[in-house]
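Peer 1: Going down the list, the protein sequences come from chains L and C. Residue numbers in the first sequence follow the numbering used here, run continuously in steps of one, and reach 64 at the last position. Residue numbers in the second sequence follow the numbering used here, run continuously in steps of one, and reach 209 at the last position.
Some hints could be false.
[To be verified] Straight line, CA to CA, 25 Å or less: simulated DSS-like cross-link-like pairs of lysine-lysine:
id: 1; chain 1: C; residue 1: K60; chain 2: L; residue 2: K49
id: 2; chain 1: C; residue 1: K124; chain 2: L; residue 2: K38
id: 3; chain 1: C; residue 1: K35; chain 2: C; residue 2: K142
id: 4; chain 1: C; residue 1: K60; chain 2: C; residue 2: K35
id: 5; chain 1: C; residue 1: K35; chain 2: C; residue 2: K124
id: 6; chain 1: L; residue 1: K24; chain 2: C; residue 2: K124
id: 7; chain 1: L; residue 1: K24; chain 2: C; residue 2: K116
id: 8; chain 1: L; residue 1: K49; chain 2: C; residue 2: K35
id: 9; chain 1: L; residue 1: K38; chain 2: L; residue 2: K28
id: 10; chain 1: L; residue 1: K28; chain 2: L; residue 2: K49
id: 11; chain 1: C; residue 1: K142; chain 2: L; residue 2: K49
id: 12; chain 1: L; residue 1: K28; chain 2: C; residue 2: K124
id: 13; chain 1: L; residue 1: K24; chain 2: L; residue 2: K38
id: 14; chain 1: L; residue 1: K24; chain 2: L; residue 2: K49
id: 15; chain 1: C; residue 1: K116; chain 2: L; residue 2: K38
id: 16; chain 1: L; residue 1: K28; chain 2: C; residue 2: K116
id: 17; chain 1: C; residue 1: K142; chain 2: C; residue 2: K205
id: 18; chain 1: L; residue 1: K38; chain 2: C; residue 2: K205
id: 19; chain 1: L; residue 1: K38; chain 2: L; residue 2: K49
id: 20; chain 1: L; residue 1: K49; chain 2: C; residue 2: K124
I should point out that these hints are in silico values taken from the structure, not numbers from a laboratory.
Each chain is listed here by its residues.
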Amino acid sequence: MMNCLEATKLISESQERRLSVPEKVTLKMHVMMCSGCKNFSLQVPFLSKAMRAYAQWEDDEPKN
Amino acid sequence: MKDTSAIEGLGLEVSDASILSDTAFLNDLRRQMVKFATLQLSNSHAAEDAVQEALIGALKNAKSFAGRAALKTWVFAILRNKIADVLRQKQRMVDASSLLREDEESEDFSELFDQKGFWQADEKPATWGNPQSALHQNQFWKVFEACLEGLPGNQARVFMMKEFVELDAAEICTAVGITTTNLNVMMHRSRLRLRECLENTWFQKGEQA
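Go ahead and model the full structure; you've got the sequences and the hints to work with.
Peer 2: As structure tokens, this is what we get:
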């Protein structure tokens, strides 16, 4: 079975390239059984989203 | 008289745009922009130029902005485009070998994974619940910024090139002078670090509270 180090690598790479079908299948099997990697796979897209929203934060604190 | 020192030298008529008289805001904005541009371009002169151009472009239309947040979003969008242009034009602006050496030093997964490559018990990513709501909280962005600053410089640079400047992987490899494998390694590490930092300093604390 694929380990978590390899699984997180593939999850990360899936943001930069399209994974092959065998990669997707082995990754899916791992993620189904591993809550840590499942959470990681949900957090990675959130990091992208947060980074994109970063410059839009409303900084409402008084500056004086 | 309004104090417009932050934008002096830009040659703009700004007397009637109230947002532009907020020098503390403008100075702070400029500082954030310069910091970001310097990290991306690894060249303070090019960074100052990009920031200056972005500010001039944005402030010309400043009267039409509803508030500070809208102005900030707009100037960063312009700055991001300028940086993307510069990075696409100039290739290999950093010494690739130095970049990789620095990154190799930080190679150590043993804290996160055991010898077989499975999560260490206390490092396993937890559930974040509904993280979207964090995006509306001021305090979250302070934590996020601190976590970004905790990344090694080159990891932060490449991560932001991908996720903020929105260059594609091939463009980043060319601009920075690294291979796709190097890029994948750096993105993987920055994501592991960033998520760990956010979990420890935000999401777990929130759940406990």
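Peer 1: Honestly, which of those hints from before does the structure not fit?
Peer 2: 1, 5
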